[in-house]
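**Q** Each chain, letter by letter, is given below.
Protein chains: 2
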Amino acid sequence: MNPLHNIILPEPTLRRLPWYLAYVEILRNKRVKYVSSTRISRALSVDASQIAKDLSFLGVKGRTRIGYEVEALTHALSDFLGFSRAHKAYVIGTGSLGKALIRDSGLSNYGLDIVAGFDIRPDIISREDLGVPIKHMNEIYDTMQTTPAEIAILTVPPEVAQESADIAIGAGIKAIWNFTPYRVKVAEGVVMANTSIYAHLALIYTRLDSAEVQ
Amino acid sequence: MNPLHNIILPEPTLRRLPWYLAYVEILRNKRVKYVSSTRISRALSVDASQIAKDLSFLGVKGRTRIGYEVEALTHALSDFLGFSRAHKAYVIGTGSLGKALIRDSGLSNYGLDIVAGFDIRPDIISREDLGVPIKHMNEIYDTMQTTPAEIAILTVPPEVAQESADIAIGAGIKAIWNFTPYRVKVAEGVVMANTSIYAHLALIYTRLDSAEVQ
Numbered sequence: 002m003n004p005l006h007n008i009i010l011p012e013p014t015l016r017r018l019p020w021y022l023a024y025v026e027i028l029r030n031k032r033v034k035y036v037s038s039t040r041i042s043r044a045l046s047v048d049a050s051q052i053a054k055d056l057s058f059l060g061v062k063g064r065t066r067i068g069y070e071v072e073a074l075t076h077a078l079s080d081f082l083g084f085s086r087a088h089k090a091y092v093i094g095t096g097s098l099g100k101a102l103i104r105d106s107g108l109s110n111y112g113l114d115i116v117a118g119f120d121i122r123p124d125i126i127s128r129e130d131l132g133v134p135i136k137h138m139n140e141i142y143d144t145m146q147t148t149p150a151e152i153a154i155l156t157v158p159p160e161v162a163q164e165s166a167d168i169a170i171g172a173g174i175k176a177i178w179n180f181t182p183y184r185v186k187v188a189e190g191v192v193m194a195n196t197s198i199y200a201h202l203a204l205i206y207t208r209l210d211s212a213e214v215q
Numbered sequence: 002m003n004p005l006h007n008i009i010l011p012e013p014t015l016r017r018l019p020w021y022l023a024y025v026e027i028l029r030n031k032r033v034k035y036v037s038s039t040r041i042s043r044a045l046s047v048d049a050s051q052i053a054k055d056l057s058f059l060g061v062k063g064r065t066r067i068g069y070e071v072e073a074l075t076h077a078l079s080d081f082l083g084f085s086r087a088h089k090a091y092v093i094g095t096g097s098l099g100k101a102l103i104r105d106s107g108l109s110n111y112g113l114d115i116v117a118g119f120d121i122r123p124d125i126i127s128r129e130d131l132g133v134p135i136k137h138m139n140e141i142y143d144t145m146q147t148t149p150a151e152i153a154i155l156t157v158p159p160e161v162a163q164e165s166a167d168i169a170i171g172a173g174i175k176a177i178w179n180f181t182p183y184r185v186k187v188a189e190g191v192v193m194a195n196t197s198i199y200a201h202l203a204l205i206y207t208r209l210d211s212a213e214v215q
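Protein chains in written order, with the numbering used here: chain C, 2 to 215; chain D, 2 to 215.
No lab work stands behind these hints, which were simulated from the structure alone.
Hints are supplied without guarantee of correctness; some may be wrong.
Just so you know, same-sequence chains aren't split out, so a pair can sit in one copy or run between any two.
Listed below are the simulated DSS-like cross-link pairs for lysine-lysine, each with C-alpha atoms no more than 25 Å apart in a straight line [stated by the list, open to error]:
hint, residue 1, residue 2
1, Lys-62, Lys-89
2, Lys-175, Lys-54
3, Lys-186, Lys-175
4, Lys-89, Lys-136
5, Lys-31, Lys-186
6, Lys-62, Lys-31
7, Lys-136, Lys-31
8, Lys-34, Lys-62
9, Lys-54, Lys-186
Chain C on its own, in the form it takes in the complex (with noise of 0.2 Å):
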């Protein structure tokens, strides 16, 4: 779609283009017109050359002493991010977690599209009340050819977070989001992010720890 999606950004760029966003939506809303680099570079701690660099991956350039067009900065990092296109999602393994990023009506915000999520469990597909259809596992296949997905969002125990991860490639999943402690290995070619929660937690909590006995 995007000609400038064949370029894989690195990742440390893709991490902070969503700072730049989530600052001139905030702009936009002051109904701001215009940020140069060294303001974005103040409000987030970030290198002003860096910051232009980053944007320029996007096609985007500042107008000397004028900066960037706050709107027009906006669509862009949104359009580039994918946020402001729809992306279909299920949801494997609707316990505690997985209900919550179902009924976590933000995320269709970010261009993220739940329509279905997945389970093993008969008590948890039997019950409707998410807004999508929770299926059983065995269903995927189908459920690709009726309503098709890219992403499966992977919320299931750990102990079956491969063999979960696989049977959704296998269905034709091309993107795996895991928010499991478990380290799921995929095929090249396919997309894994890892949403550590469990590390982030560990990371506080040690943090905050060592701060007590020092």
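Position chain D relative to chain C; hints supplied.
**A** Leaving out everything else, chain D in the frame of chain C:
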């Protein structure tokens, strides 16, 4: 508490430890008694010598030709990571993601004890169906006296992220777990962890799109 906690672990080690824990918990559930670093290495695609080095931070040593005792290693990892003792937390911002995290009972298995939620919208504050009290943000100071917490989970809109963090820290919060796309700044000594859900989504989308055009 634990004298090992005054060692500040390198972040990559801290990221790998929850993988080891998830894996040895699976082995424990299968009643496996011992595991070698070679076996962990094969399962997780982490170099065996790296595993031995990481685990030595915990004071855990494997025995020649036998390896690590699964039960002891599980406890050592869980204790070290802080998952086996409760850490009190507030959720600041009880919109869809905040509510979802409050409802995610699974976090309590990892030592996170959410004791209150805070918001500024009266329609949300009057609802108490989440199992914990939802209070007005300006009650955070009083709540700190009656039901103190160390951690603030930040799930507010990005435009009030910095201000909300400042208030929480002013009230005595020691760690911010930032789920907003805004880059929140904190004073030295305050623990900060970012869970960049939106950056991970952007990573998935851009990788998917680049795969399509190739």
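**Q** Have a look at Lys-186 and Lys-175 and pick one of within, between, both or neither, based on CA distance no larger than 25 Å.
**A** Answer is within; shortest intra-copy Cα gap is 13 Å, inter-copy 36 Å.
**Q** From the Cα coordinates, with 25 Å as the cut-off, is the pair Lys-136 and Lys-31 best called within, between, both, or neither?
**A** Neither, since 44 Å and 28 Å both go past 25 Å.
**Q** Quick one: Lys-54 to Lys-186, C-alpha cut-off 25 Å, is that within a copy, between copies, both, or neither?
**A** Intra 33 Å, inter 23 Å, cutoff 25 Å: inter-copy only.
**Q** Please sort Lys-89 with Lys-136 into within, between, both or neither, judging by C-alpha distance up to 25 Å.
**A** Classified as within: same-chain Cα gap 16 Å, cross-chain 35 Å, threshold 25 Å.
**Q** Please sort Lys-62 with Lys-31 into within, between, both or neither, judging by C-alpha distance up to 25 Å.
**A** within (22 Å within a copy, 57 Å between copies)
**Q** Is the C-alpha distance from Lys-62 to Lys-89 at most 25 Å within one copy, between copies, in both cases, or in neither?
**A** Close neither inside one copy (32 Å) nor across copies (46 Å); limit 25 Å.
**Q** Cα distance capped at 25 Å. Does Lys-175 pair with Lys-54 within a copy, between copies, both, or neither?
**A** Neither way: Lys-175 and Lys-54 sit 30 Å apart in one copy and 35 Å across, limit 25 Å.
**Q** Please sort Lys-31 with Lys-186 into within, between, both or neither, judging by C-alpha distance up to 25 Å.
**A** Close across copies (21 Å), not inside one copy (44 Å); limit 25 Å.
**Q** I want to check one pair: Lys-34 and Lys-62. Are their C-alpha atoms no more than 25 Å apart within a copy, between two copies, both, or neither?
**A** within (15 Å within a copy, 60 Å between copies)
Checked against the numbered hints listed earlier, the structure breaks hints 1, 2 and 7; every other hint is satisfied.
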